[in-house]
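As a plain string of letters, each chain reads:
Number of protein chains: 2
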Amino acid sequence: VSALYSYTGRAHTIGVTGSPGTGKSTLVNEIAKKIREQQLRVGIVAVDPSSPFTGGALLGDRVRMRDLSGDDGIFIRSMASRGRLGGLAQSTSDVVKILDAAGYEVILVETVGAGQAEVDISSATHTTLVVEAPGMGDEIQTIKAGILEIADILVVNKSDRPGSKQTVQALKMMLHMGMGSVVHHGRFSKRQENNKPDSDYDKVWLIPVCETIAIDGKGIDQLVDAIFEHNDHLQKSGEWLTRERARSRLEIQELLKTGFLDKLQAIIPEAERERVVSDVAERRIDPYTAVSRLFDQAGV
Amino acid sequence: VSALYSYTGRAHTIGVTGSPGTGKSTLVNEIAKKIREQQLRVGIVAVDPSSPFTGGALLGDRVRMRDLSGDDGIFIRSMASRGRLGGLAQSTSDVVKILDAAGYEVILVETVGAGQAEVDISSATHTTLVVEAPGMGDEIQTIKAGILEIADILVVNKSDRPGSKQTVQALKMMLHMGMGSVVHHGRFSKRQENNKPDSDYDKVWLIPVCETIAIDGKGIDQLVDAIFEHNDHLQKSGEWLTRERARSRLEIQELLKTGFLDKLQAIIPEAERERVVSDVAERRIDPYTAVSRLFDQAGV
Chain A
1 VSALYSYTGR
11 AHTIGVTGSP
21 GTGKSTLVNE
31 IAKKIREQQL
41 RVGIVAVDPS
51 SPFTGGALLG
61 DRVRMRDLSG
71 DDGIFIRSMA
81 SRGRLGGLAQ
91 STSDVVKILD
101 AAGYEVILVE
111 TVGAGQAEVD
121 ISSATHTTLV
131 VEAPGMGDEI
141 QTIKAGILEI
151 ADILVVNKSD
161 RPGSKQTVQA
171 LKMMLHMGMG
181 SVVHHGRFSK
191 RQENNKPDSD
201 YDKVWLIPVC
211 ETIAIDGKGI
221 DQLVDAIFEH
231 NDHLQKSGEW
241 LTRERARSRL
251 EIQELLKTGF
261 LDKLQAIIPE
271 AERERVVSDV
281 AERRIDPYTA
291 VSRLFDQAGV
Chain B
1001 VSALYSYTGR
1011 AHTIGVTGSP
1021 GTGKSTLVNE
1031 IAKKIREQQL
1041 RVGIVAVDPS
1051 SPFTGGALLG
1061 DRVRMRDLSG
1071 DDGIFIRSMA
1081 SRGRLGGLAQ
1091 STSDVVKILD
1101 AAGYEVILVE
1111 TVGAGQAEVD
1121 ISSATHTTLV
1131 VEAPGMGDEI
1141 QTIKAGILEI
1151 ADILVVNKSD
1161 RPGSKQTVQA
1171 LKMMLHMGMG
1181 SVVHHGRFSK
1191 RQENNKPDSD
1201 YDKVWLIPVC
1211 ETIAIDGKGI
1221 DQLVDAIFEH
1231 NDHLQKSGEW
1241 LTRERARSRL
1251 EIQELLKTGF
1261 LDKLQAIIPE
1271 AERERVVSDV
1281 AERRIDPYTA
1291 VSRLFDQAGV
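Here the protein sequences line up with chains A and B, keeping their order.
So for the first sequence, the working numbering puts the first residue at 1; every next one is plus one.
So for the second sequence, the working numbering puts the first residue at 1001; every next one is plus one.
Calculated directly from the structure, the hints in this document are not laboratory data.
From a predicted model like this one, the values you see are computed outputs, not experimental measurements.
The beta-carbon is built from N, C-alpha and C at its ideal position, and this holds for glycine as well.
Here are the simulated distance ranges between beta carbons:
id, chain 1, residue 1, chain 2, residue 2, range
1, B, Ser1278, A, Lys236, 17 to 27 Å
2, A, Arg36, B, Ser1002, 53 to 63 Å
3, A, Lys263, B, Arg1077, 31 to 41 Å
4, B, Thr1289, A, Arg36, 30 to 40 Å
5, A, Lys172, B, Lys1172, 37 to 47 Å
6, B, Ser1292, A, Arg77, 24 to 34 Å
7, A, Glu270, B, Ser1006, 21 to 31 Å
Not close to chain B: a few residues of chain A, all C-beta gaps over 10 Å, as computed:
id, residue
8, Gly70
9, Ile74
10, Leu175
11, Gly217
Let's have the full structure, built from the sequences with the hints guiding it.
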């Protein structure tokens, strides 16, 4: 991956996130098919940080991707976690780099759940889609899980379900209130500022709310248009580079942290490290003092 | 917190996790009320890693906790994240320590979502409850999001809803298949082994599936019984200490990682660090080489 790195940076990476049951996988399929019509090569990376046993054991969503296989212009890779997320985030990032270097113009990274994984993936991609579905609990719950502040595009999928209009309205109201807007991980502020002077027009991205019925292929045209418009916005506003810098900063930090633990393991013998763990577990020493002693031992 | 640490280690910490809409907060309230009847002091820490703006801005679930306020034996604290989860996990862990040292015998830690946050919180608590609700999507979705492998007790809340029996059956089937069972973060294996020799009886914990209707207070007695039985199991099997060691190991690692980044910031000037970020973002250098140079500069 190190040698490949200089060939990366051309792909448009798109994170797709949302709660289970929102139909993310079907949506990702339909987006991929639509983008393929423009002769662009599409990579799909499906990340499941919540489950260590989905990697092939349970067929799940990927079954629905059958109609994409056989197309050389589409590459699909599932990533399941066995252990720490840090490792998963890094290996996902490596797969994205490999696809990027291999000439895939668009890379879709799909994640399940609502939590830190999404925030990390949003920091690692150019465009973040947050998928909601009507009837997934009351509005406040939707909002809580909505991780709105990381969305570049909001998607209400299964929009033929009852309650869809209310979900769309609730999301639009929140955007109007300026909620989908905080500066995040050093990313360019996405605050909805309707009163911005014209000269800054290119710098303002008004988060659209797209309604889709992925299973029938409905609304996908408009959604893919919004994705390409966001790409255009990133280029014109200079935010593409801002996001590349944020992604790079985060990746360097992660590599420094895991690299440091590896180095420490080489410096301090295992028996010694385990003794410290026991001392903390049995309250003979507090963790802060323990860590400060380990730093001293490592000469850092 | 450092000075308090030697007074901690007495509280039974209980993580409560599950998707939005499962009724976790109401359930946590009811558990707290039931435990209070036994004259035990209860701390509640509600953690929301998915949303930086819930800390008081949106009332949300906490509104439902009103009937608990006014009781000196219950302490409630909401934690919302602004920034990295690492920080949130550490501050949650600190609040738990303070409550522990202050003499709260039972501490409930509630988190939303399905992802790394849950795994981290499960590593930081003695007993993990995973809450499901019927009708949250199809069974496979439930399973994917179920993060079964971290559960000590499964709860099907809103069990008066249609589809409840199927959800309970699906969960029991999965437990029978040995799915709620992998060794996780060095925790004692929870594999359901029905053929275990009798001498190991104390070491086997058969994950129960509890049915509740939290809003009506139904099924809470049995659930609280299961919680106390799990505590008993942890003590008798020696797993209490195993989990304390796992928690300590994780906390030491996290403190080492964040501590190292702080030290690096003191050693390498900001302008220099930002230049490395630009070099990586603009593909002049790959992140692995960049990090290895930073280690050299820091003399590690």
